[in-house]
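Chains A and B are the protein sequences, given in the same order.
All letters in the first sequence, in the order written, are residues 1002 to 1332 by our numbering.
All letters in the second sequence, in the order written, are residues 1002 to 1332 by our numbering.
The hints are simulated quantities; they were obtained by calculation from the structure and are not laboratory data.
Since the model is a prediction, treat every value here as computed from it, not as a measurement.
Treat the hints loosely; a few may be bogus.
To be verified - Derived list of chain A stretches under chain B, where covered just means 3 residues or more per stretch with a C-beta under 8 Å from a C-beta of chain B:
no., stretch
1, 1144-1154
2, 1186-1195
3, 1214-1227
4, 1240-1246
5, 1259-1270
Note that beta-carbon positions come from the ideal geometry of N, C-alpha and C, so glycine has one too.
2 protein chains.
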Amino acid sequence: MIKLVLDCEGGDRSPSVNVLGAVKALKEKDDLSLILTGKKEDLENELSKLDYPKDRLTIVDAPEVIDCKEAPTLSLFHKRDSSLVKALDILKNDDDVKGFVSLGNSGAILVGGVVKVGKIPGVLRPAFCPLMPSMDGHYVAVCDSGASSEATKEELFQFGLMGSLYLEKAFDVKSPRVALLNIGTEEAKGDTLHKEAYQLLKGSSLNFIGNMEARDTLSGKYDLIVADGFSGNVLIKSTEGTGLEMLKLLKRTFFKNLKNKIGALFLKKDIYGIKDFMDYNNYGGAVTLGVKKTMVKGHGGDNEKHFYHCIIQAYNMEKNNLGPAIEEALK
Amino acid sequence: MIKLVLDCEGGDRSPSVNVLGAVKALKEKDDLSLILTGKKEDLENELSKLDYPKDRLTIVDAPEVIDCKEAPTLSLFHKRDSSLVKALDILKNDDDVKGFVSLGNSGAILVGGVVKVGKIPGVLRPAFCPLMPSMDGHYVAVCDSGASSEATKEELFQFGLMGSLYLEKAFDVKSPRVALLNIGTEEAKGDTLHKEAYQLLKGSSLNFIGNMEARDTLSGKYDLIVADGFSGNVLIKSTEGTGLEMLKLLKRTFFKNLKNKIGALFLKKDIYGIKDFMDYNNYGGAVTLGVKKTMVKGHGGDNEKHFYHCIIQAYNMEKNNLGPAIEEALK
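All chains, full assembly: derive it from the sequences and hints.
Right, here's the structure in full:
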């Protein structure tokens, strides 16, 4: 049995999307057992409308909510009765609970994970690893994208190793294509840190295909982008920001005048396809790699399909023993 | 009289676009004088079709061409008869020549500028500063975007100062809104370098409005983004890359089937508007800030309108004494 704890607050449409996602996952996986933290009454209310295997779902009451905008460390300390902190405490204290899924405050999840759950032996620095859609219809992971604001060459190497194992275990990507985010593709590009990290990655057993430039992020050429937390953070935010700004521009164009509105009607379905393609709901969340238990963070603005994908992602990571694989590889 | 030297090779449609842009600028500005470097015969051939003030245009023969993909330092050394090196030599040796414009190899222009022309007294590190379109219909400059792969806090501060003066002198932006690229907007965000640079910028006379996140690059909230060369490079390339990938996706959608093609016909004009909006041709090039003379680098794939804009940009920088203003401000 794989037991996970789900923080059921923190998303824009929580706890409804969390409960719906949880029930969908429970029905699909016979060996999955879930603990839901949140306002008991609300959770029971949502669940009362649904049919689900009751023996594999437990509720733990947590009357408080941590907001997405709250300071992570302070909120962890002050809101001990929140769904997020209660879920983290269960993750920490219950040996049977193997993973955690939340749509809540990224900073609190990251800090809480490292402080409460601790690092896998051998891991120098945990990393935050989200997924972005790539133009070949798959996705690309970025590790680290901002768990820290700096890194050493050994840490960059470990990001490559952990990220690569993660893609294998969670998504069955065979021999993930790993690239190092740099300011040029040639081997000698970048500062000392990146030149040295290049050599470590090149000399490893990873499927390292060299440096990559930020303009090729979505190209589909890579499965994993290894980055220091600062530039990885710039990479994911500028990619996301540009995508959103362009969709806004497109929308403005479609509604500009009657002629455009008519044209947009013809295109409607496939333009939604573009939005859909860029939509995080269709795949999993970001993971904290290098901590002792599985931690998945979904997008707060998203729907039950996304939360369901995040649960399945955590389930796969546990089922395929990602944590032990990382520990073994770092020996 | 403002005298500039123009490298007339290195672009996809050189020397034609260079000559057309040069003649357009010459006709518009009475106090502009130009030296064109390139294959003499080709330049004369292009010019023979045009009417222009002959007393303000000189040709210097340069039979070689440096390719966009050549190694910058090597090409500077080996191709002394190239239009780019000849133009740099003229810039270096002729006291009357105040500026340089090229569509050629960025690396060679950057290295050549620093080595041959030298830094303005007081400048710690020159910076490469391109423009990106912003959603309010203006543009945002990024300084540094990759002249170096690292920076100190003092250098980041100087990037803010030089970039700010540049926007004032070249584009008449009053009191440019300066932001520091960071991994969060709060004052205490980022690594030590960025925290310290924040304090230097905050304590200065610049219109510093704080940290910014990469997702807000195109938002129109900022005129100048101060960045270390590594993350600045990631920022501009991921923004550009995402924009291009989305246009490709859009194009694929438009041509997918007959229904979509019909819809696209209605929208054609305004969709071109989006392309146009993102098009570098409509404004100037990237500048090397902190070197003794004005240096503008345009996009190699672009047209005569863009080259013309680059010339006018260099003209304005000289006309409004950007170099002396930077030197004075750094005292």
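#### Entry: Violated hints - listed by number, lowest first
Failing hints: none at all.
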